[in-house]
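In terms of our numbering, the sequence shown is residues 1 to 330.
There could be a bad hint or two in this list.
[What the hints assert, rightly or not] So the derived label-pair ranges between C-beta atoms look like this:
(1) Pro208 to Arg238: 32 to 42 Å
(2) Arg259 to Arg311: 16 to 26 Å
(3) His324 to Ser247: 15 to 25 Å
(4) Val243 to Ser281: 22 to 32 Å
Hint data in this document are derived by calculation from the structure and do not stem from the laboratory. As the structure is a computational prediction, the values presented were derived from the model and not from experiment. Built from N, CA and C at the ideal position, the CB exists for glycine as well.
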Amino acid sequence: MSTPPDSELARAVDALVSGHVIGLPTETVYGLAADATNAAAVRQIFALKGRPAEHPVIVHVADASDLERFANRPSAVARQLARRFWPGPLTLIVKRTAIVPGVVTGGRETVGIRAPSHPCAQALLRRFARGQSGAVAAPSANRFGGVSPTTAAHVREEFGDQLGVVLDGGACEVGIESTIVDVSTNRVRVLRPGHIGLAQLQDCLGVPVEFLEQPTIAAPGTLASHYAPNTPVTLGDRTALSVLLSSSPARLAVVTHDRSVTRLDAPERTGWFHMSADPSSYARELYDTLRRADRGGYQRIFVLAPPKDPRWLAVNDRLQRAAHPRDPGE
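Modelling step: build the complete structure from the supplied sequences, incorporating the hints.
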């Protein structure tokens, strides 16, 4: 991860002040960022992404000291998590204050807030705080429901010259979206798994943390079909792969963390995309790999399912959503 020159950061701040949307790197994925307190600017994000108005976006701030400005009477649990994990890949769902426009929250009284650790995002937010709100609303910088971007080049592929400023902070270190934790009630509930796992949250708080596989309240990235390339994705085991390789006429891309599957009898036209067997490294590589496979002219992407292990929870969540059949209207 890197920080662009001061001149680029100044251009980005000027764009935010003028009500424009920019491309912003974070440690998780790149985002489409606009002044979180400017409703008209935030609406541009929704228009660019093709994002339904009822789907909330996350507010990004510099550090835990900003929590009180955007959270209405945050609980002791919220403050404790912010102190422990911010800046970092953790989003807290809290009651919002009046400074947060309804367009940010999809009309809800709660808002997701996090402090990104990427040095470029930190530098931008601190500059933007000089006389301005110091907060940006920023979902991932891709078309709604698609594969999130982890490089500036991915953002430009998605939006071309529709964005006047795309800050290049290098490849994202985490590579998948933040963990989302609802602390707006007296229960602690994980709505979306991420780099920060349930065990880390429980160690911090000393209380049980629930994981909602199907959240009953809307949170970013929790639709059944999400993070999906244009090429259909199949998630399965070694046996399913063997059957597909021997019976399908389709040109297949195989994404695998287990190199031994390359010994299976496969047509020459099969494309192999080798992943790390470490869950954190796999997560870092995942979206770039899906994008490369999607560009390769394959008719289907087969992903060898990772282990059913708590360390793989976030990766498995993203893969299951990528492989879920899309709504015909999407």
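Comparing the hints with the structure gives:
1. Pro208 to Arg238: 32 to 42 Å: Given about 35 Å between the Cβ atoms, the range holds.
2. Arg259 to Arg311: 16 to 26 Å: Roughly 20 Å apart at Cβ, these two residues keep to the hinted range, so it holds.
3. His324 to Ser247: 15 to 25 Å: 23 Å, holds
4. Val243 to Ser281: 22 to 32 Å: 29 Å, holds
The structure meets every hint from the earlier list without exception.
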